[in-house]
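Protein chains in written order, with my numbering: chain A, 1 to 95; chain B, 1001 to 1514.
It should be emphasised that the hints constitute simulated quantities derived from the structure, not laboratory data. Ideal Cβ placement from N, Cα and C applies to all residues, glycine included. A hint or two may mislead.
[As the list claims (entries may be wrong)] The calculated lysine to any residue pairs, modelled on SDA-like cross-linking and capped at a C-alpha distance of 20 Å, are:
1. B:K1389 / B:F1351
2. A:K90 / B:K1172
3. A:K89 / B:R1058
4. A:K89 / B:K1172
5. A:K90 / B:D1433
6. A:K89 / B:S1049
7. B:K1391 / B:E1428
8. B:K1342 / B:K1172
9. B:K1172 / A:S5
10. A:K90 / B:E1411
11. B:K1384 / B:L1499
12. A:K89 / B:K1511
13. A:K89 / B:L1499
14. B:K1391 / B:E1423
15. A:K89 / B:R1055
16. B:K1511 / B:A1412
17. B:K1384 / B:K1342
18. B:K1389 / B:I1425
19. A:K90 / B:K1342
[Claimed, not checked] Short derived list, chain A residues pointing at chain B, Cβ under 7 Å:
20. I4
21. S8
22. V42
23. V45
24. P57
25. V68
26. I74
27. A79
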Amino acid sequence: MDFISILSIFVLACFVGYYVVWSVTPALHTPLMAVTNAISSVIIVGALIAAAGAASPLAKWLGLLAVVLASINIFGGFAVTSRMLAMYKKKERAE
Amino acid sequence: MSAGTHTDLILSATFPAMPSHDAGTPGWVMLAYLVAGVCFILALRGLSSPVTSQRGNRLGMIGMAIAVVTTLLVAFGAGELGRDGPGDTRYLVIDQLALLEILAAIAIGAIIGLVTARRIAMTAMPQLVAAFHSLVGLAAVLVGAAAFLNPEAFGIATRLTPIAEPSLLLIKPLSRLELGLGVAIGAITFSGSVIAFLKLNGNMTGAPILLPCRHLINLGTLAAILVLVAWFTQDQSPWIFWTVLALSFIIGFLLIIPIGGADMPVVVSMLNSYSGWAAAAMGFTLENSAMIITGALVGSSGAILSYIMCRAMNRSFLSVIAGGFGAVASSGGGEAIDRPYKRGSAEDAAFLMRQADQVVIVPGYGMAVAQAQHILREMADLLKKEGVKVKYAIHPVAGRMPGHMNVLLAEANVPYDEVFELEDINSEFAQTDVAFVIGANDVTNPAAKTDKSSPIYGMPVLDVEKARTVLFIKRSMGGAGYAGVDNELFYRDNTMMLLADAKKMVEEIVKALA
């Protein structure tokens, strides 16, 4: 992909982000932060590439460490989000 | 077979585990990343309502699984499928060990992440989010460093003298720019989030720490980082890269220490935004659409949340970033303590609320600190049994992060359709018999509407004073709110102060009601 195509994706995604985030209800702003946290750990893609590369041992270990950190975030982020979301209930449930 | 592919084959024989990005990413891989990106968009879209939010979260997980599996397939040779067929056996043997290491790393992370997510108290959510931000930042730094040390694996380098042993790897200037910026943002996210975590967790004072001529130091450091990144595009020397990294760590630290506790909602959302931009910068380096889409989503999400928070405090983003707010606490508040006020007991409060048609509860950070949300809901249940209408009013900056109060109330099983945002409930206070303020202060201060000299003048506040009676729970008449201003509300005729720990007071009210 050339730089301009990537830049196009980026700019359009910023607009998508703008409209999608404004549509998030304020009551769910904390889960929003937790889930954005989890998805920003997509950086694990880079960590995996580094960890799979054998050319530089140091780079490989840095990559593996990054994989651990990103995984904490991915699993922790999604789990804590779903834990929070499960708590939001409508009226007249239970009791 | 073209000459280019031939060189590739020799290279991949020399460096077996290296994915050959140079040959161009296969179509299915790009498609998979695009699908992952779309999943992430839908994950956020789901949050527009609590009804669809769970499904959105699952889509997010699916998107992440797609991105990870695709990356692993490519990194371990499946990217060659449909091009030259799978690699030879030796190639696969070496990869299995690396694959095991990676899976182990993921498993370690998964265990730590899942245990933390399960054990964390809902009141500690702001700290947790800050800690998670720091991990994203650090991961971005590590990936950046790895890409700098092994640029070939990332497909961002050209080998000047291939195969020859001391060969020279030249990273593309554009990639160096992306790498430099990505690492800088990642490092700022990391050290900034660590400070935010320490402040939120109480390991560090929430009060702003002000260094002399801090603006000069900060601007100078930022300028130095930008100049070095620009230079880095021209000169690939390692010292530039590591200096950028070190300076960015320092500036992240310096940027957050002068910011006070009450401004933490802005800081947490701002760092959220940074972690997104760091991911996006890495996405540019890797030409990966999933990372770029996610980075843009997270970046704008954090930016919008910061904007909402600033608007809710009537402060400019720049003044929050400059820090120092709340540093002059209790100045001028001294004489005000002698003003007369009405003090009530739990029994008085119970009596007033039982007689009411409608009670509006206004929770704030103090409720979170006292962990009073569960007992508060019990109180609301008892009132409802008496036929009293109970509603909750949430100010956007109540608590230490956006939506903090909503989560705590949800944890205590408060139905979300009883919880209202500022603009939806403010007109109702005039028809409300009792406004019950628990742990909130500045967000109820009428001075924000009338007193032009007040530091919080112009901030949108909840019109609690319009209710027939205001019950205000406060530990003592001493300390002021985080903005360091006295609350005029305390001395009004229709205000009754309930001076006690929030949880204890509500417990006593519950006893009196039962």
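| request: Tell me, in ascending order, the numbers of any earlier hints that this structure violates. | output: As far as the earlier hints go, 2, 4, 5, 8, 11, 12, 13, 17, 19, 20, 21, 24 are violated by this structure, in ascending order.
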